[in-house]
Each structure stands twice: as C-alpha cells, then as structure tokens.
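Residue strings, one per chain:
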Amino acid sequence: MFSLRAVWRALLAGALVAGLAAWDCAQRVLPAPAQASLSAHGSAFGAPESPDAPPGPSLGQGPGVWKLIEKGSLPIAQGALAAHASALVALPAKDPRSVLAFWFAGDRESAPNVQIAMSEMDRASDRWSPARMVVDRWEVADTLGFGLRRLGNPVAWLDGQGRVHLFVVATGAGGWAAGRIVHLRQRPGAPGAPLQWEPLRMLQLSWLWNISYLVRTGPMPLQDGGMVLPVYFELARKFPVGLRFDADGQLLNMVRMGTGPQALQPALLPLDAQQWRALMRDSSPAGRIRVAGTQDGGRSWQALGDLPLDNPNSSVATLSVGGQHLLVYNPTTQGRHKIRLSGSSDGLQWQTLHELEDAAPGHEYSYPAMALADGSLWISYTDQRKTIAWRRFAWVPGMPQTKGSP
Amino acid sequence: MNLAFAPLWSTLWEAAPWLPAMDALRLVRHASWALVCAAMALALCRRLPRLRAYHLHRRPWLPLAMALWACVPGVWGLAYWLGLAFQIPSLLATLWAATYLANAFLFPQWHAGAEAARAAPRRIWDRIGLAMLLVLGWFLLLDTFALLPWSVYRLGFAPVAGLVLLLVAVLPGVVGGGAAWRSNRGALLFLLALLLFMPTRWPTGNALDAVLDPGLWLYLHWLAWRRWRPT
Numbered sequence: 000m001f002s003l004r005a006v007w008r009a010l011l012a013g014a015l016v017a018g019l020a021a022w023d024c025a026q027r028v029l030p031a032p033a034q035a036s037l038s039a040h041g042s043a044f045g046a047p048e049s050p051d052a053p054p055g056p057s058l059g060q061g062p063g064v065w066k067l068i069e070k071g072s073l074p075i076a077q078g079a080l081a082a083h084a085s086a087l088v089a090l091p092a093k094d095p096r097s098v099l100a101f102w103f104a105g106d107r108e109s110a111p112n113v114q115i116a117m118s119e120m121d122r123a124s125d126r127w128s129p130a131r132m133v134v135d136r137w138e139v140a141d142t143l144g145f146g147l148r149r150l151g152n153p154v155a156w157l158d159g160q161g162r163v164h165l166f167v168v169a170t171g172a173g174g175w176a177a178g179r180i181v182h183l184r185q186r187p188g189a190p191g192a193p194l195q196w197e198p199l200r201m202l203q204l205s206w207l208w209n210i211s212y213l214v215r216t217g218p219m220p221l222q223d224g225g226m227v228l229p230v231y232f233e234l235a236r237k238f239p240v241g242l243r244f245d246a247d248g249q250l251l252n253m254v255r256m257g258t259g260p261q262a263l264q265p266a267l268l269p270l271d272a273q274q275w276r277a278l279m280r281d282s283s284p285a286g287r288i289r290v291a292g293t294q295d296g297g298r299s300w301q302a303l304g305d306l307p308l309d310n311p312n313s314s315v316a317t318l319s320v321g322g323q324h325l326l327v328y329n330p331t332t333q334g335r336h337k338i339r340l341s342g343s344s345d346g347l348q349w350q351t352l353h354e355l356e357d358a359a360p361g362h363e364y365s366y367p368a369m370a371l372a373d374g375s376l377w378i379s380y381t382d383q384r385k386t387i388a389w390r391r392f393a394w395v396p397g398m399p400q401t402k403g404s405p
Numbered sequence: 000m001n002l003a004f005a006p007l008w009s010t011l012w013e014a015a016p017w018l019p020a021m022d023a024l025r026l027v028r029h030a031s032w033a034l035v036c037a038a039m040a041l042a043l044c045r046r047l048p049r050l051r052a053y054h055l056h057r058r059p060w061l062p063l064a065m066a067l068w069a070c071v072p073g074v075w076g077l078a079y080w081l082g083l084a085f086q087i088p089s090l091l092a093t094l095w096a097a098t099y100l101a102n103a104f105l106f107p108q109w110h111a112g113a114e115a116a117r118a119a120p121r122r123i124w125d126r127i128g129l130a131m132l133l134v135l136g137w138f139l140l141l142d143t144f145a146l147l148p149w150s151v152y153r154l155g156f157a158p159v160a161g162l163v164l165l166l167v168a169v170l171p172g173v174v175g176g177g178a179a180w181r182s183n184r185g186a187l188l189f190l191l192a193l194l195l196f197m198p199t200r201w202p203t204g205n206a207l208d209a210v211l212d213p214g215l216w217l218y219l220h221w222l223a224w225r226r227w228r229p230t
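Chains as they are written, first to last, in numbering that gives the first Met the number 0: chain A, 0 to 405; chain B, 0 to 230.
Bear in mind the hints are in silico, worked out from the structure with no lab data behind them.
Quick reminder that beta carbons are idealized off the backbone N, C-alpha and C, glycines included.
There's no promise every hint is true.
Here are the computed distance ranges between Cβ atoms for each label pair [unchecked claim]:
id: 1; chain 1: A; residue 1: 106; chain 2: B; residue 2: 22; range: 30 to 36 Å
id: 2; chain 1: A; residue 1: 80; chain 2: B; residue 2: 48; range: 52 to 58 Å
id: 3; chain 1: A; residue 1: 246; chain 2: B; residue 2: 225; range: 47 to 53 Å
id: 4; chain 1: A; residue 1: 80; chain 2: B; residue 2: 106; range: 56 to 62 Å
All chains should be modelled from the sequences, with the hints used to inform the complete structure.
Listed below in structure tokens is the structure:
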C-alpha cells in the first residue's frame, strides 16, 4: 500500500497541478460556436463588404445581372518587373478610400527584392493611388528578431475595430514549402492617412519548425466580428486548414478542412451561418476544383468530391452576396489563359456570368480576388505576371442573368 | 458526461491559445540560441581529441564565442539565421543546454553528481521520459503531415496539454520523492520546463513546443541509440 508520505506528496502535487491548470484556464476565453456573417437579407460575404455601406436591398438577389462598369490595371510599383497574387479589402464608408489592393511585386516571384505593394481606390477621385511598397522583409525580420528569406502572397482583413490586418507568406530556409505566415496590423493613425504596418507575430501553426503553412485566399467574416482565414500546408502533402480569429485579430483555433493529399488554397463560401463550403485548387492531374464542406460552423469538415468545372491547378476566389455565390476561376484543364466569373445559388451548379479574359494559350490570368464595396463588385487578378488587372461590376436588378463579356 | 462539467471540459480542450508576449520573446530567442549553441560547441570540443586536452573548463573560448555570437542582434547574429531556419529551441532543450554548461563551468560538483547519478540503477524515470518524448515526436511528425485522423499539435495550445504534461512531470516526485529528482535529472528538467512555460508561454504558447522541438527530438534518437544499443 502507499505510505503516508506518498499520499502527502500526491496531494501536494495534485494541488500544484490543479492550481496551475485553473490559472491557465482563467487566462483564456472559450470561443462561441462560429457563425458566418449574414446580412439582414440573408447574404453572406466570402470577402468583406464595406461595413458601413448602405444596405443594398437587392444586391445579388432576385433576377438581375452584374454589369461591367469599369476596368483597368493597378498602378505598377516603382521598379517592379513582376506582380502577382493580389488581395482586396473593402473599407468603411467613412473612410476616403473604398478598396485597398495588395500584391507582391519585385523582379520576379521569389526574387530577393519582392515586397508587398499596395494601392488605394480613392472615393472622391474614383482613381487608384500610385502603388507603394508597404511590407519589406528586412524590416519585418528586424521586428520579429529572425530572418525571412522571401515574401509572397498577401491577404487582407478588416477587423471589428476597423483596423486592416495583413497576412503575408514569408519563407524560411527553403522555397514556398518552407513558408510561414506573418501577421501584420495597421498602425493607429489619422483617418485617411497613409497606412503603416506593424508586424505582430509569425503565426505558429506547425511543430516542424513552423514550416509550410501558406495563405492565399481571403478570409470569411463571422457574425462576432471575427473571421476564418483559410490557409494550407504544402510540404510533400497538401491540405487545407481554417484559422479562426476573434474581432480583435487574436487566433482562437485551427481546424483541418481535410487531409489532402492534393488540395490547397481553399476559398470559403458560406451557404448559411453553419454550413460552409471550401472550394480548392487541386494539384493532382484531375483538373477540377475540389470541394470540402462543414455543417457545424467549421468544427468538422468532410470531402465532397469535385465541382464539374475545369481548373488547371490554379487558385480560385469566392464571394457570397444576397444569396448568390460568385466564383472566379480559370476554366481550362491546362494553362491559365482564360479566367471567368460564374454564379450559383447552391454552390454546386455554376453558370458563367462573364468571361473576364479569353486569350491564346501561353497568356496567364490567375490568382483572383474579390471584394464588395459601395454596392460594386471588385475583382482583381494577375495579368501576365506583370501587372494586376481589375474589374468593377454593378448589380442591375430586374434583368435576366445571361452570359456576358467585358 | 455530467453537464455541470461541460464548460470546464470545453475550456480544457477548446479555449483560445494563450500566446507569449512578443517583446520578451525576442530576448528569449537570443538567450535560448546562445545556450544551445554554446552547449553544442562544448559537446563538439569534448569529442574532438585535440580540443579535449585544451582544459575547456578554464578556457571556454569556443562555447563563449558561440554564445556571444548568438546574442548579437540583427543580420550579423547567429540567432537571426538560426531563427530563419529553426525558429526557436524548446524550453527543455534550453534548460538541458544550460545544465550542461553549468555542469562544465560553474558547478563541476554537479557534473560529478550527474555522472554518479548516470551510473545509478534507479534512472527509470529518465528512461520513461526519453521513450515518451520519442513517441510524442513521432506523433507530432505524423500530425504535421496530416497522417493522423486527429490533430495533436493543436491540442498543445489548449489547457489540457499543459495539465496532462504537468501530471506526467510530477509523477516521479509523487512516487519516488526527492530521491527520484536527484537521480533523474532529465525528468526534473522536464518539470522545470513546464513550470517555466505555464506563466511565460515560451517559446510559442504551445505546451508541446515547450517540451520538444525537432532538433531535440533528433538528439534524443541518438541518445536512445547510445543508451539502448545492443552491446
């Protein structure tokens, strides 16, 4: 039997462990179940709508068309020969800027001089501002206290306090498979002043030297002001992961959206508050868009097969508005020379809305992003790896939705 | 399950991560790499015959140089580049390195004690701990590549991981008392790493990162091979 001494030791150890565990629990919050953000009209946003924008009673609802009203290319960052992987974020109506665009620019993808460039759509002049470099790897490395080898895909998000957050891929010792995700946040400043950024931390997502988690597609806003940031792992195996953040930008949890082995760059599509889809690039030879789904607000995910849409192992963008789901993707099995905007009411059957680009093989239009601001749908995508093209659509209600072209 | 326990149960498993403060972490990164690099340099010196005869305890130039180099901030510092590749060592690796250096330079009597303890027959807890960390590392590696049906690493951010690891860590003391700590210094370092992790959250806020990093895990394989190889 146990001696009296052993019993005392057990009691002491138990008290120590229980005390530390209770203290640990007291320092934390228990996240409520995640609910995708839904408007009063039943719309949910795969990319953020301008939070203070007018309600837009019929955006995307009922019969109507998305009509192309403007198009162009974002200003080229000074000295940059290449541009790729744009991200868009809509700002509140009180801000003089309606949309911010971010992308990586430099001599080429993965070049040592690649930085994150930004341009702002000015509401008054209705023009994009000159591009400026806003994230430099040497500066970020200096703040974090360790080196970053290269910068890559940026993703932007507007938090519950109206601050813009940036999530940027930064590689360690190796290529993209050694990527990590840096979390930056807008520094406090006067409204309308040029945005400055402070690195907050490197997101800690993996035990293996924290490598091989990357970000590419936009976040899905939640009702509590937080969001789910879709990321993916890509060392040898590829699989998607959802990171949940609160309205302040604090990481709450991470959940695998499947075990791969070839699905990456998930784009989230909320069907309702609890039922979401993830549409993913497929790096296998199947040439399709892969789908995973959750019925419980992202706690568990199931593979749902492929969409009946061609895709050449290329990133997609999604957005839900007014009960209509939108998808921008490359509708080919090989090459990224075409890019298309499609719509769907259930996320499974898709109808072509606009051919954004339809060029000869060898051209590249890829890595799309979408945002909804001031009642307009904004789309950006990489154009020949040289510039970032953008399109602006307005919802015209009452007209039948038919295929159109820019 | 009794519903009254549901919130506590959920908190243990699903509470949001509690992450370390970034400012302090910069210093901890330098200090950790300084200790680990100095310990590795010392171990290397002890294994090279020409350096072994160099009276390291009186002239520890190489370990000292490595430590100082790791403390240099910015691109000229070792921690900057080691951080690029390997981020930051676990607390257990750092404490292990600190003990190794202290044994060599500050408290040689500890070293004698450790040598005596190594020969003692009652080192069962160190062996159990070694086996446990090896298995844990394999689970974490498989989990990294999503080869397990559930995520192990994610649990390291939840309070349950700290609780379970603490329960394991205090076991030698409960069963064997102070004598168990004296003869099982690895188990004692494991407990100290957790006690340091609980308030500071170093190095990442994940309890599993506090007790095991891939570099330490590889070293433990070598240690296990040395200890258990067939003679």
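Right, here's what the structure says about each hint:
At about 34 Å, the beta-carbon gap between residue 106/A and residue 22/B stays in the expected band of 30 to 36 Å. The hinted range of 52 to 58 Å is satisfied by residue 80/A and residue 48/B, whose Cβ atoms lie roughly 55 Å apart. Between residue 246/A and residue 225/B the Cβ separation comes to about 52 Å, which falls inside the hinted range of 47 to 53 Å. For residue 80/A paired with residue 106/B, a C-beta distance near 59 Å keeps the hint of 56 to 62 Å intact.
Taken one by one, the earlier hints all hold for this structure without exception.
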